[in-house]
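Enquirer: Under the UniProt record's numbering, the residues of the sequence shown are numbered 1 to 375, in order.
Since the hints were derived computationally from the structure, they do not count as laboratory data.
Careful, some of the hints might be misleading.
Calculated lysine to aspartate or glutamate pairs in the EDC-like style (CA-CA distance at most 20 Å, straight line) [as the list claims (entries may be wrong)]:
{"no.": "1", "residue 1": "178", "residue 2": "145"}
{"no.": "2", "residue 1": "351", "residue 2": "324"}
{"no.": "3", "residue 1": "335", "residue 2": "362"}
{"no.": "4", "residue 1": "322", "residue 2": "345"}
{"no.": "5", "residue 1": "199", "residue 2": "231"}
{"no.": "6", "residue 1": "337", "residue 2": "362"}
{"no.": "7", "residue 1": "342", "residue 2": "145"}
{"no.": "8", "residue 1": "327", "residue 2": "305"}
{"no.": "9", "residue 1": "342", "residue 2": "305"}
Here are the simulated distance ranges between beta carbons [unchecked claim]:
{"no.": "10", "residue 1": "364", "residue 2": "231", "range": "19 to 27 Å"}
{"no.": "11", "residue 1": "117", "residue 2": "148", "range": "20 to 28 Å"}
{"no.": "12", "residue 1": "199", "residue 2": "228", "range": "18 to 26 Å"}
Since the structure is predicted, the reported quantities are computational estimates derived from the model, not experimental observations.
A virtual CB, placed ideally from N, CA and C, is assigned to each residue, including glycine.
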Amino acid sequence: MGTKKTPASEPTLTRKLQVKRATAQSKKSSKTITAKPTTALSKTHSVKKAKAAAPVLTSKGLHPLNKHRHGYDFTALALISPKLNQYVQLNQYGNLSIDFSDPQAVKALNAALLAEYGVQQWDIPNGFLCPPIPGRVDYLYYLADLLGQSNNQSKKVSIIGLDIGTGANGIYPFLGIKQFHWQFVASDIDTVSLDNVAKIAKANQLTSAQLSLRHQGDASAVFNGIIAPTEHYDFTMCNPPFHRSLAEATAGSQKKLANLAANRQSKQPRKATTSKTNVLNFGGQKAELWCEGGELQFMTNMINESVRFAGQVRWFTSLISKSEHLKPCKVLLAKCKAVQVKEIEMKQGNKITRILAWSFLDLKMQQQWRKLKRG
Numbered sequence: 001m002g003t004k005k006t007p008a009s010e011p012t013l014t015r016k017l018q019v020k021r022a023t024a025q026s027k028k029s030s031k032t033i034t035a036k037p038t039t040a041l042s043k044t045h046s047v048k049k050a051k052a053a054a055p056v057l058t059s060k061g062l063h064p065l066n067k068h069r070h071g072y073d074f075t076a077l078a079l080i081s082p083k084l085n086q087y088v089q090l091n092q093y094g095n096l097s098i099d100f101s102d103p104q105a106v107k108a109l110n111a112a113l114l115a116e117y118g119v120q121q122w123d124i125p126n127g128f129l130c131p132p133i134p135g136r137v138d139y140l141y142y143l144a145d146l147l148g149q150s151n152n153q154s155k156k157v158s159i160i161g162l163d164i165g166t167g168a169n170g171i172y173p174f175l176g177i178k179q180f181h182w183q184f185v186a187s188d189i190d191t192v193s194l195d196n197v198a199k200i201a202k203a204n205q206l207t208s209a210q211l212s213l214r215h216q217g218d219a220s221a222v223f224n225g226i227i228a229p230t231e232h233y234d235f236t237m238c239n240p241p242f243h244r245s246l247a248e249a250t251a252g253s254q255k256k257l258a259n260l261a262a263n264r265q266s267k268q269p270r271k272a273t274t275s276k277t278n279v280l281n282f283g284g285q286k287a288e289l290w291c292e293g294g295e296l297q298f299m300t301n302m303i304n305e306s307v308r309f310a311g312q313v314r315w316f317t318s319l320i321s322k323s324e325h326l327k328p329c330k331v332l333l334a335k336c337k338a339v340q341v342k343e344i345e346m347k348q349g350n351k352i353t354r355i356l357a358w359s360f361l362d363l364k365m366q367q368q369w370r371k372l373k374r375g
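Kindly produce the complete structure, drawing on both the sequences and the hints.
Expert: Next up, the structure:
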C-alpha cells in the first residue's frame, strides 16, 4: 500500500522474470500484449488503393510511431505508476503482463500508460468504459497523418478537434493535447461523464483553451447543438456506440469477459469478472455501448448532419467497428456529395477497426480554408 516503489522491487521482479523465462515455452501469446514483440505487432504499415473512390490504408500492426507497437514495458510502467505493480505478474510464457479480465488491473494499466504520455492524474468511476490506450493513440496518429502533422508536431500550427461522445475517460482529448499539442472540444450526452473529464482536466492543470466540454442535450443529435455557426474544426472524431440495445450490449460484454477469462494468466479468481450483475462495469455504461439502431443508425445521423457543417470542418472521421457498415456509409456519403472519402484500417493484435474519413472540401479548398483559419 506504499506510494513509493522500493529500490529492491525492480530487481526482484526482474530476477523472477528471468527464472520463469528459463523454463517457459518459447512460443508467444497472440492474445496478450506483453513486453516482448508479437507477430501481430509490426513496425511497418503498407498503403494500397482500392478500386472504389475511397482509398483504403491498410496497417499490418500499430502505427509506426506508436510507442507500444512492440508491447508494454511493464517494469518501466510500474516505476512510473507504482499502483500498477500489484497487478503485474508472470504469464505462462514467462513474460510480464496483467490479468486483462480484471477491471482494476486494466484501469491501473491505463493510468500508467497515460502518465507515460504526461496525463499524471486520471481515474474513472466504476462502471465506465476503460479503453485500451494503444488503439486510441493509433486513431490520433492516423488523424495526424491525415492532417499532415505527424512529422512536425512541435510546429506552432493551431489544430483543433471535436471529440463526439468523449465518455468519462476523455482519452482522445487528453492524449491529443499531451502528444500532439492539439486543442479539443469534447461533447457527451452524459453529465456524469463530462463532470469526470472536467475533474481530470483540472487535476492536470489543463486550460479551457486546451479543452472545452459541451453537453449534448439531444440524444439523437451528433453535431447539431455542439458546433457553433462561427466555429471551424480541423477534424471531428468519434468512437460510436455499436450495439442496438441494452440486451445486445450485455450479451457482447458477457462474451468479451468469457473470452478474457478463458485466456487470463492469473490462477486466482476475480469477483469483478464473474458477476453477471456487473457485466457492463468492465465494458462501459449504456450510452457508451448502445443507441437506437446501433452503429449504422448513429453513422447515418452523423453523415447527414455533417452536410450542414460542410464548410466548417476539414475532415469528419469516425471509427467503424463492423465492416458491413462501411458500404452503406460510403453510399450515403456519395449521395451527400462528399468530395473526399478515405478508409483507414487499424490493427491491434487480432482486432481490426477502421476509420472512415470524409470531407466536402477538395485539396485546394482545404488549403485555402487552412490559410483562412491561420489568419
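Enquirer: Taking the hints in turn, state whether each one holds.
Expert: Going through the hints against the structure:
| no. | hint | result |
| --- | --- | --- |
| 1 | 178 - 145 | holds, 17 Å |
| 2 | 351 - 324 | holds, 15 Å |
| 3 | 335 - 362 | holds, 17 Å |
| 4 | 322 - 345 | holds, 12 Å |
| 5 | 199 - 231 | violated, 25 Å |
| 6 | 337 - 362 | holds, 11 Å |
| 7 | 342 - 145 | holds, 12 Å |
| 8 | 327 - 305 | holds, 19 Å |
| 9 | 342 - 305 | holds, 18 Å |
| 10 | 364 - 231: 19 to 27 Å | holds, 22 Å |
| 11 | 117 - 148: 20 to 28 Å | holds, 22 Å |
| 12 | 199 - 228: 18 to 26 Å | holds, 25 Å |
Of the numbered hints listed earlier, the single one contradicted by the structure is hint 5.
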